[in-house]
Amino acid sequence: EGMAPPRKILFPPEKICMVWQQRQSAGAGLFNVGNTCFLNAVLQCLTYTPPLANYLLSREHSQACHQRGFCMMCIMEAHVNKVLHSSVSAILPLAVLKVFRSIGEHFQPGREEDAHDFLCCTVNAMQRACLSASSDLDTSSQSTTVVHQIFGGFLRSRVTCFSCKAISDSYEAFLDVPLDIKAASSLTAALQDFVTPEHLDGENCFKCNTCKKNVAASKRFTVHCAPKVLTVCLKRFDCFTGGKISKVVEYPEFLDLRPYMSQAEGEPLHYSLYAVLVHSGASCHGGHYFCYTKASNGLWYQMDDESVELRCLDSALRQQAYLLFYVR
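Residue numbers (the working numbering): 1 to 328.
Certain hints may be false.
As the list claims (entries may be wrong) - Calculated lysine to aspartate or glutamate pairs in the EDC-like style (CA-CA distance at most 20 Å, straight line):
hint, residue 1, residue 2
1, Lys244, Glu112
2, Lys247, Asp314
3, Lys82, Asp305
4, Lys182, Glu250
5, Lys8, Asp136
6, Lys207, Asp193
7, Lys98, Asp314
8, Lys219, Asp201
9, Lys8, Asp138
10, Lys98, Asp117
11, Lys8, Glu172
12, Lys182, Asp193
13, Lys98, Glu306
Quick caveat, the hints were computed from the structure, so don't treat them as lab data.
None of the values given here were measured: they were computed from a predicted structure.
Taking the hints into account, I'd like the entire structure generated from these sequences.
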């Protein structure tokens, strides 16, 4: 509703399988080769993303891939198969380390990078790999890749003119949702802040196409199309100073996204938590990343580089979370 339908479907949505196809305990840990804990933690969260893992374990991508050179989907397929089928307790994520600079040109070997930045670059590289065989696609068709159908959704920005009450809607694809936590003590409060209308006036006023002048208006974001996998970044780091907001932000095991949708009335949109990426330390320039993930056997594990240890759900819910992963 309100958005142009795709001219081409790149991956049939009915082929995305949301529940684990094989049940097993957690796979291998990942060796740290010098400040690579951010990479290890992100890779583990992606490895335990059920619809992505099911697709990569099927090896469907590499069987049909004709890309020469760097292909992030082929790399992730090799990595996930290696981790989940490993007979040893820890492995080197060599396939990913070899293409580190291709994932993000600004990444420097040996330097601790931001885990959210690395996640975005990795998922974007996977999306580019899915689009490599197609050219001149409209925006709606680009959102029909297997990657976008797993992680992607659409936000609606609705601006309402205070003068003539005209409504202007625009839509924007997203692969994750960054949330401000300065004033929020829980994930649901941060989501509520995200969908609270913002007033546009003064220097920030809105040029209304109906009034043909600059006017005061309200602007409101809502989730228009919900993703199958919701990735949330709790914005703990100051962009300028690198300083960290270390306070507790509560997050639930089960989340209903319905109140934050454009269509706020209707059936609940239930999500359940399956991974938590944690940063310990005082600023983004140092510290340590690790994660908690829920394996296909339904049990939670703490994954800290090469260490993989069974943990209880309560432990996973009591962390200083930086990234949260929910699946429908």
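Quick rundown of the hints versus the structure:
no.: 1; hint: Lys244 <-> Glu112; in the structure: 15 Å, holds
no.: 2; hint: Lys247 <-> Asp314; in the structure: 18 Å, holds
no.: 3; hint: Lys82 <-> Asp305; in the structure: 16 Å, holds
no.: 4; hint: Lys182 <-> Glu250; in the structure: 13 Å, holds
no.: 5; hint: Lys8 <-> Asp136; in the structure: 11 Å, holds
no.: 6; hint: Lys207 <-> Asp193; in the structure: 25 Å, violated
no.: 7; hint: Lys98 <-> Asp314; in the structure: 36 Å, violated
no.: 8; hint: Lys219 <-> Asp201; in the structure: 11 Å, holds
no.: 9; hint: Lys8 <-> Asp138; in the structure: 9 Å, holds
no.: 10; hint: Lys98 <-> Asp117; in the structure: 18 Å, holds
no.: 11; hint: Lys8 <-> Glu172; in the structure: 19 Å, holds
no.: 12; hint: Lys182 <-> Asp193; in the structure: 10 Å, holds
no.: 13; hint: Lys98 <-> Glu306; in the structure: 19 Å, holds
Against the hints set out earlier in the document, violations occur for numbers 6 and 7.
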